[in-house]
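Fit chain B to the supplied structure of chain A, relying on the hints for placement.
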Amino acid sequence: MKILLGIKNIQRNPIRLVVVVLLISIAMFLVLAINGFSAGIKESTETLKENVNNKLQMRAKGALGHVNMLYDQDKLLPPRVLEEVKKVDHITRVESYLLAMSPLKSDASHFAIIVGITPGDTKRLETHGEVGGPLIIAGRDLRPEDENKDVGVIGKIYAKEFGITPENFKPTKIVLDPSLSTEIIYPVKGEAKEIEIVGLFESGYVFGDLQLFIPQETLKKIYAPTRDGFSWIFITVDSADNIAAVTSQLKDSVGAYADILSPINTANFVSSSGAAITRIATLGMGAAGFLASIVVFFVTLITVRERKREIGTFKAIGGSNKYIIGQFLAESIILTLIGSGIAVILFSFAGNYATKPFSVAINYEINFGVIVLLIAVSIGVAMVGSLYSIMKIIKLSPVEAMRYE
Amino acid sequence: MNKKNIIELIDVVKKYSKGATSVVALNKVCMKIDGALMAAIIGPSGSGKSTLLQIIGGMDKPTSGTVEVLGGELSQLSEKELTQYRLKKVGFVFQSFNLIPNLTALENVMLPLEFNGISHAEREKRALHLLEQVDLTQRLHHTPAELSGGEMQRVAIARALANDPALMLADEPTGNLDSENGRHIIKLLKHISAERIVIVVTHNEKLTSEADKVFHIRDGVLK
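Protein chains in written order, with our numbering: chain A, 4 to 408; chain B, 2 to 224.
Bound-form chain A, shown alone (with noise of 0.2 Å):
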């Protein structure tokens, strides 16, 4: 009867009962958003470095950012520097990019960015192109025999622009209209001209997937610029300990025109930002379990004060301190298993909504690791709790305990 007691006792009061379990469910709740964020921060950073590591970029000397955003000034890197890398040792693939803008049709101060590459290199995305590899969903990748072809990857968000959903997904034609394009990374000078779009992909980005990947001698023949070159030259190394070596025969090959950034130390960065942003996070997560436990803590502090008249009623007519205590505990357990319950519950559906706002990629999986430790502090908390303010309490005489303030 003790654990039935436990359960009749929370149903005393209803309006503090779906309080009492609202806060600690919204605590647990946050704990396992915070612990999906974490974790997700970790993943990401994690692939960022594995997919890195043996990867270095070339931009042109001074340029700003990724595309080179410099208004009204020539950042390109020139042609002979593609040359001038195939001559250094230990690269075993060389990829290069040319980019474009191009306003949106919805909103024209946001722009696409028109991405021409070898068709069979990787699909580099404007802000992550360290990681690349955006996913197609509907119609086909770029292949190899699509080199000179007027033809297209659109990402998804993008892709709505001309009314093309992965749902409704067929090869369509759009307009590239050069002269719609600000200047801002080259002058261009080319025609309208209509592509056929063969496929869609997602990256998982907002920036990515407003991104269009065309072949590069195709973005050539319609935007027309004025000087050659490139935007990015992305070189493989043999290993990841080859990067310093070839990182300075390229400083002295051709230092004087291209900055060479080695991703690794981005990626060090973000990983190092991740583990600060992770260190943050689980002590969010800790406070989140703090305050779940301190709730149960204050609630078994008012219930038994409450009760003092029952606990002396209880040890008049024979009930034994353990049977009293065991029966608080019960009801500290109860509550925090049923608060822990519905913030699982609600985790597992409404998890992706609540940390959409975020933009980065949490991991959803219940980590029930983490709520089986969760639900022990809570559970040991509320037991302190209770025998805090039992203890007081279950000292005192049947007479003392029904007078007790």
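Honestly, the hints are just simulated from the structure, not real lab data.
Check each hint, because a few of them may be wrong.
With a cut-off of at most 27 Å between alpha-carbon atoms, the simulated BS3-like pairs for lysine-lysine come out as follows [stated by the list, open to error]:
hint: 1; chain 1: A; residue 1: LYS311; chain 2: B; residue 2: LYS19
hint: 2; chain 1: A; residue 1: LYS78; chain 2: A; residue 2: LYS224
hint: 3; chain 1: A; residue 1: LYS395; chain 2: B; residue 2: LYS224
hint: 4; chain 1: A; residue 1: LYS163; chain 2: A; residue 2: LYS223
hint: 5; chain 1: B; residue 1: LYS16; chain 2: A; residue 2: LYS311
hint: 6; chain 1: B; residue 1: LYS126; chain 2: A; residue 2: LYS311
hint: 7; chain 1: B; residue 1: LYS207; chain 2: A; residue 2: LYS325
hint: 8; chain 1: B; residue 1: LYS207; chain 2: B; residue 2: LYS33
hint: 9; chain 1: A; residue 1: LYS254; chain 2: A; residue 2: LYS90
hint: 10; chain 1: B; residue 1: LYS62; chain 2: A; residue 2: LYS325
hint: 11; chain 1: B; residue 1: LYS29; chain 2: B; residue 2: LYS16
hint: 12; chain 1: A; residue 1: LYS64; chain 2: A; residue 2: LYS90
hint: 13; chain 1: B; residue 1: LYS191; chain 2: B; residue 2: LYS224
hint: 14; chain 1: A; residue 1: LYS398; chain 2: B; residue 2: LYS16
hint: 15; chain 1: A; residue 1: LYS395; chain 2: B; residue 2: LYS19
hint: 16; chain 1: B; residue 1: LYS81; chain 2: B; residue 2: LYS62
hint: 17; chain 1: A; residue 1: LYS176; chain 2: A; residue 2: LYS152
hint: 18; chain 1: B; residue 1: LYS29; chain 2: B; residue 2: LYS19
hint: 19; chain 1: B; residue 1: LYS62; chain 2: A; residue 2: LYS311
hint: 20; chain 1: A; residue 1: LYS254; chain 2: A; residue 2: LYS78
hint: 21; chain 1: B; residue 1: LYS188; chain 2: B; residue 2: LYS33
hint: 22; chain 1: B; residue 1: LYS62; chain 2: A; residue 2: LYS398
hint: 23; chain 1: A; residue 1: LYS11; chain 2: B; residue 2: LYS126
hint: 24; chain 1: A; residue 1: LYS196; chain 2: A; residue 2: LYS152
hint: 25; chain 1: B; residue 1: LYS89; chain 2: A; residue 2: LYS398
hint: 26; chain 1: B; residue 1: LYS191; chain 2: A; residue 2: LYS325
hint: 27; chain 1: B; residue 1: LYS224; chain 2: A; residue 2: LYS398
hint: 28; chain 1: B; residue 1: LYS89; chain 2: A; residue 2: LYS325
hint: 29; chain 1: B; residue 1: LYS62; chain 2: B; residue 2: LYS224
hint: 30; chain 1: B; residue 1: LYS16; chain 2: B; residue 2: LYS207
hint: 31; chain 1: A; residue 1: LYS395; chain 2: B; residue 2: LYS62
hint: 32; chain 1: A; residue 1: LYS311; chain 2: B; residue 2: LYS207
hint: 33; chain 1: A; residue 1: LYS398; chain 2: B; residue 2: LYS81
hint: 34; chain 1: A; residue 1: LYS395; chain 2: B; residue 2: LYS16
hint: 35; chain 1: A; residue 1: LYS395; chain 2: B; residue 2: LYS81
Values in this document were obtained by computation on a predicted structure and should not be read as measured data.
Coordinates of chain B only, in the frame set by chain A:
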């Protein structure tokens, strides 16, 4: 004489202290009851009646003196033994019933039986029998809030009898009841006293007239 049926208090003093102030609730009280009977303790408010009852019931400890109840000296008992004493030898009936509000009448009566380690089936059987004796078979599954004052007191009496104690103590058992319900409770207590010692603290003249022995107390002194 069978000492197991005797209550004897010798020079019992109970003082309450708060800061420098000390109140003497019982002053060298001596009292003896032997055999099954109904005894009444009467006196004005604050005279120490309830304190005396609580000391006999092992719910409070005297400041000094000897309290020998049913063959045992209460001051010699440990906390655990006192709990067992309250559980097995004493049934206590409170003026304000002190039923557990979220348990039904049946569950309230079953509670001391559970403390005593009786199996669920057996405690349900005994509780049903006791509630039948106090004429509450129709109200088994009602919570205290759904019962009248008289019904609540009858549940409290059934609960006090659950472990078949040798001693029943009732503190103003009719204090919160109308006269008709009061009469019913007096009759019940009188009936119960045929098999055990029943000590009642009361202002009720009818209850006093039914008692086999009456103790008068004033300012903590028993007359």
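Against the structure, the hints come out as follows:
1. LYS311(A) x LYS19(B): holds, 20 Å
2. LYS78(A) x LYS224(A): holds, 19 Å
3. LYS395(A) x LYS224(B): violated, 38 Å
4. LYS163(A) x LYS223(A): holds, 25 Å
5. LYS16(B) x LYS311(A): Distance ~23 Å between LYS16(B) and LYS311(A) Cα, so the pair holds.
6. LYS126(B) x LYS311(A): Measuring from Cα to Cα gives roughly 30 Å; hence the hint is violated.
7. LYS207(B) x LYS325(A): violated, 41 Å
8. LYS207(B) x LYS33(B): With a Cα-Cα distance of about 23 Å, the restraint between LYS207(B) and LYS33(B) holds, given a limit of 27 Å.
9. LYS254(A) x LYS90(A): holds, 13 Å
10. LYS62(B) x LYS325(A): holds, 21 Å
11. LYS29(B) x LYS16(B): Since the Cα atoms of LYS29(B) and LYS16(B) sit roughly 11 Å apart, the hinted pair holds (cutoff 27 Å).
12. LYS64(A) x LYS90(A): Given that 27 Å is the threshold and the Cα spacing comes to 20 Å, the pair holds.
13. LYS191(B) x LYS224(B): holds, 24 Å
14. LYS398(A) x LYS16(B): Holds, at roughly 19 Å.
15. LYS395(A) x LYS19(B): Status holds; Cα separation ~18 Å.
16. LYS81(B) x LYS62(B): Satisfied, since the Cα-Cα distance of roughly 14 Å is no more than 27 Å.
17. LYS176(A) x LYS152(A): Given that 27 Å is the threshold and the Cα spacing comes to 13 Å, the pair holds.
18. LYS29(B) x LYS19(B): At roughly 21 Å apart (the allowed maximum being 27 Å), LYS19(B) and LYS29(B) satisfy the hint.
19. LYS62(B) x LYS311(A): OK: LYS62(B) and LYS311(A) at ~19 Å, within 27 Å.
20. LYS254(A) x LYS78(A): holds, 18 Å
21. LYS188(B) x LYS33(B): Cα-Cα ~24 Å, so holds.
22. LYS62(B) x LYS398(A): Within the cut-off at roughly 13 Å; holds.
23. LYS11(A) x LYS126(B): The hint holds at about 22 Å.
24. LYS196(A) x LYS152(A): holds, 12 Å
25. LYS89(B) x LYS398(A): holds, 21 Å
26. LYS191(B) x LYS325(A): violated, 35 Å
27. LYS224(B) x LYS398(A): Status violated; Cα separation ~34 Å.
28. LYS89(B) x LYS325(A): holds, 17 Å
29. LYS62(B) x LYS224(B): Holds - the C-alpha atoms of LYS224(B) and LYS62(B) are around 22 Å apart, at most 27 Å.
30. LYS16(B) x LYS207(B): The hint is violated at about 31 Å.
31. LYS395(A) x LYS62(B): Holds, at roughly 18 Å.
32. LYS311(A) x LYS207(B): violated, 34 Å
33. LYS398(A) x LYS81(B): holds, 12 Å
34. LYS395(A) x LYS16(B): holds, 22 Å
35. LYS395(A) x LYS81(B): holds, 17 Å
Checked against the numbered hints above, the structure violates hints 3, 6, 7, 26, 27, 30, 32; every other hint is satisfied.
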